[in-house]
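> For the protein sequence lines, the chains are A and D, in the order given. So this note's numbering is basically just the index in the first sequence, starting at one, shifted up by 3. So this note's numbering is basically just the index in the second sequence, starting at one, shifted up by 3.
Don't read these hints as lab results, they were simulated from the structure. The reader is advised that the hints may include incorrect statements.
Claimed, not checked - Restraint ranges, calculated between C-beta atoms of paired labels, are given here: (1) D:Ala361 with A:Ala181: 27 to 37 Å; (2) A:Ala99 with D:Gly246: 22 to 32 Å; (3) A:Ala99 with D:Asp86: 30 to 40 Å; (4) A:Glu363 with D:Arg74: 24 to 34 Å; (5) D:Ala203 with A:Asn175: 36 to 46 Å; (6) D:Asp58 with A:Ala99: 44 to 54 Å; (7) D:Thr336 with A:Ala184: 29 to 39 Å.
Claimed, not checked - Calculated cross-link-like contacts (lysine-lysine; reagent style BS3-like; alpha-carbon spacing at most 27 Å): (8) D:Lys268 with D:Lys288; (9) A:Lys268 with A:Lys328; (10) D:Lys39 with A:Lys288; (11) D:Lys97 with D:Lys39; (12) A:Lys268 with A:Lys288; (13) D:Lys143 with A:Lys143; (14) D:Lys328 with D:Lys268; (15) A:Lys328 with D:Lys268; (16) D:Lys268 with A:Lys268; (17) A:Lys268 with D:Lys328; (18) D:Lys328 with A:Lys143; (19) A:Lys143 with A:Lys97; (20) A:Lys328 with A:Lys288; (21) D:Lys328 with A:Lys328; (22) A:Lys288 with D:Lys268; (23) D:Lys328 with D:Lys288; (24) A:Lys288 with D:Lys143.
Every residue, glycine too, gets a C-beta built ideally from N, C-alpha and C.
The residues making up each chain are set out below.
There are 2 protein chains.
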Amino acid sequence: MISAMTGLADLDTPCLVVDRGKVAANAERLRTHLAKLGVPLRLHVKTAKSLAATDVVLGAGRPPITVSTLREAEQFFDGGYRDILYAVGFAPHKQARARELIERGAQLTVVTDSLETARSLSNARVLIEIDTDGHRAGVKPDSEALIPLARALRDSGNTVAGVMTHAGESYNSRGDAALRAMAEQERAGAVRAASRLREAGFDAPVVSVGSTPTAHYAENLSGVTEVRAGVFVFFDLVMAGIGVCRVEDIALSVLATVNGHRADKGWTLIDAGWMALSRDRGTAKQPLDQGYGVVCDLDGRPIPDLIVVDSHQEHGIIAHRSGGKAPALPVGTRLRILPNHACATGAQHAGYHVVDGAREVVDRWERFNGW
Amino acid sequence: MISAMTGLADLDTPCLVVDRGKVAANAERLRTHLAKLGVPLRLHVKTAKSLAATDVVLGAGRPPITVSTLREAEQFFDGGYRDILYAVGFAPHKQARARELIERGAQLTVVTDSLETARSLSNARVLIEIDTDGHRAGVKPDSEALIPLARALRDSGNTVAGVMTHAGESYNSRGDAALRAMAEQERAGAVRAASRLREAGFDAPVVSVGSTPTAHYAENLSGVTEVRAGVFVFFDLVMAGIGVCRVEDIALSVLATVNGHRADKGWTLIDAGWMALSRDRGTAKQPLDQGYGVVCDLDGRPIPDLIVVDSHQEHGIIAHRSGGKAPALPVGTRLRILPNHACATGAQHAGYHVVDGAREVVDRWERFNGW
């Protein structure tokens, strides 16, 4: 239990802080958008990896979710979730563990794009992974491999439940028009693949698409049955750089304390290094490189042009983004650092200290890691 | 307990594997080198964060150690260690927690380079951090700030136990001559600062230096009383790139399974992404960029020119380092990935599966994370 008097200034550092009101607002925004398009969200829980955080997004209901590990599937099953899509290409040796979850009552759906995997699976509910953007895995919507893959799955005794795709290349898109086009490309490719399966005699009821950028920029989801997205619950500097959110929408930050200076270099040192911030440098490829994170005051307001320019295991180096000298912040000053990538930064911690628009700590949410 | 029959092929993936014999050999090599120079090792435990792993390095004794967090100090204190150097610039609000450890019987030494911190501490045993290479924190050996800082510490009722320095710039040095020169620069700067303190009337008995490269390349440690090093226990691709170890000395790897292919791109996909490998790309700055890691077979032998060229949260992409196509490895193939940076990769996991030159899992070592 958190004492009513605990504030951010009382916490040891580094630690993870999340603003509950921002999580709720981020969730409401996407829910409203998808409701207009008439397609349900299948939340990806890999970002928060926390039942308590997910409750803020989904409420007390236990709607369908997406996971990136069997550990997530097991943890969320124990939290009452039943309809679970494991959205990473299935490795056949994981069948026993998956089956155990199914025997306990989960509707677990797995994905593959591999004929070898298809032949080794049995009694599984499977989505075929479709590649709509050349980003990672999947068979192309018009690939000659699609129908033989579906037949191999069926011949091994599996259910071909449909298709899934993830337009990860949307992370490299810039501007409303490009993001809308990417969303349409993702939709059209998935629908095309599903149509081909149906023409070949498969029911293939599910057409699952999604990434946080395309989920927010989609204008038409005809033929799509569900949208997956995850990082929007917290948002981060990469998403702000793409334009999917504003910096002030970012719900996650790392609380840190000033522990030294290098006046000759214009550096302020903090006790949050890459171990607390993660090594993720996702904004390095964007027009505005945010280093290891944007420096905010204890209320979460960015301090103009201050970023974490470098990091060591337990040291962060704060400087002006121009390389010019910034005024030194006194030793003991508490700061909040906005992360490049919420999924990566979250994973460095065991839980969240929860605030709600102020410095008071109103809750603590556990999270888990591992596989 | 690990069944005698458990082998690497039986483990779920991704997971962390460590070769105990390599850890022992790495430890023996540095111990022998430092014994010749007549200076004891103060092991940095931040890499393994594991009592069991540290036992392989240090044996049953409980010699002085170095930590990067108070959590490490507490965990290793509970494991019997008493003489603990917390080698990250001390943030004053951590005094209560540090004092608790001291009251339980620890000889905890902290470090600072800050006059503000010095004035806020009391009854602490302190090393003044010296900057011998412009890398991070510390006062220069000849700085006018050194003696006033020591006086401020004494005036506040602290013990000025001496100096410490970390030549982190050695990570950017190449070639035996440059590394030897960096070790000498680190030694000379620390000894110079300690001499100045002694001339000003401080005992300053401790002269603590170290980084894994300088610890291995030092030829003369006159005036130095202890050497700190950590990552050598596992070594990694960054250290191999510097030339401090061979690739075959690397004791740590991430076990992964092939779960798909992109024949059109020459990719093999595995179930270990950056969540299992870490986002660390330390070799990106080196002449030989190893991507997210070197791909080895199940026996730990590198497969020529195969590296993890890109990674997503739970996907790793293996390809030929040239960008050319590599033969596809069948779905289900188990691989071991050597990490860029052992400290970062270790931190993504809760423990180590231990082997000893073969595929049999002979032990499991717990590790901890957090602050």
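> Give me the numbers of the hints this structure contradicts, sorted from smallest to largest.
1, 2, 3, 5, 6, 10, 11, 13, 15, 16, 17, 21 and 24
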